[in-house]
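Student: Work out the full structure, taking the sequences as your base and the hints as a guide.
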Amino acid sequence: MRELSPPAPEATPPPLSKAEVRSEISSLTAGERTKLIKIASYYGRISSEEPDELVQEAIYRVLAGMREWPRGLEKLRFLAGVIKSIAGDRKRALRHAVKRTVPLNEERELGEARPGLMDYEGREARGILAQLDVKRIMTYFDDDPIAQKVFMGMVDGTRGEDLERASGLSPTEYESKRKKIRRRIEKLKM
Amino acid sequence: VSHKDVKQDALDNLADALTQDILDTPDNELLREVEEDYGDPRALANKFDQILDRTEKQVSGTSRRTGGRLSLEDQRRLGDILQRVYDDIVRQGVPDRFKILLNELNDEREPGQAAAYGQGEVHARGAGREDVASDRTMDAKSMDDSRRKGSQR
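Heads up: the sequence lines are chains A and B, in that order.
With the first sequence counted from 1, adding 42 to any position gets you this note's numbering.
With the second sequence counted from 1, adding 8 to any position gets you this note's numbering.
In short, the hints are calculated from the structure, not lab data.
Ideal Cβ placement from N, Cα and C applies to all residues, glycine included.
It is possible that part of the hints are untrue.
As the list claims (entries may be wrong) - Examples of chain A residues lying across from chain B (beta carbon under 8 Å, computed): (1) Thr-71; (2) Leu-118; (3) Ala-135.
Tutor: The following block contains the structure:
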């Protein structure tokens, strides 16, 4: 009796070629391009990075082949992931620089600026610390306790139906609340 | 987990949630919002096109030139690292032997002030040269070691 050979592992499809990547990017609709700019603005806020810079770097990495585009992955989700990853790298680098130059007092409120820091990294530190105050953002929803509740769920990482259920709202009301939160945060100068 | 880590995760979660909302928002609704905010529904799409144009030039310029240029992100990260490395050196201040050398240069320009330096400084100057010599010895030794390691491979 012949021995059975183990089944061959499924071959991973090759990533998109440079020409395919170029074609995917040039075929983005106005709505999709708008979405990418908005997504970069959200991640720009956590990394103290200019949104334009995040978008440029993401496109650069993808077009230059530094970041492979897995075949079959939805383009907006993929590009949003690249933007998020770059912002994460920048945030970690910045946090490292801040730790070295700005000895943070754990007792101090993070929203406060440390006086007397006039160096480049100090300014960067102030910038990121000012952005970290979730409580401050909460105050922009003082007029709407349900929106505050949904917002807190968002920052806690509760997602989808779990958050919708926790809010006690109907699906339509919940969608409307999420939109209100997003629109208000977009207009904030954090 | 420190207090600040929790807060940073909170903002990460917030960015993720807003991103999900944007991905779920129909294009036409989003373009209406952009029109409301900027007076032109294509304002942000046009901004993207400008960035894309710049980036395409950057990518084609890179492949024409060297094929290995660092990205903006890597350039900045490298700059951060170098700044941190040299920050430490700057904080160490000017070593005594350099101060003495600078003073000696000043002395040559103003010979009348040469007598201002005492015996202790002359001794320190000697010690400084010793340090330099030992640095050179170490450099030569480490180079020698690395050559030896290389030949063993």
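Student: A separate judgement is required for each hint: does it hold in the structure or not?
Tutor: Structure-based check of all given hints:
Nearest Cβ of chain B to the Cβ of Thr-71/A: about 6 Å, under the 8 Å cut. The hint holds. The interface hint given for Leu-118/A is met, as the beta carbon of that residue sits about 6 Å from the closest beta carbon of chain B, less than 8 Å. The criterion of a C-beta within 8 Å of any C-beta in chain B is met by Ala-135/A, whose closest approach is roughly 6 Å, and the hint holds.
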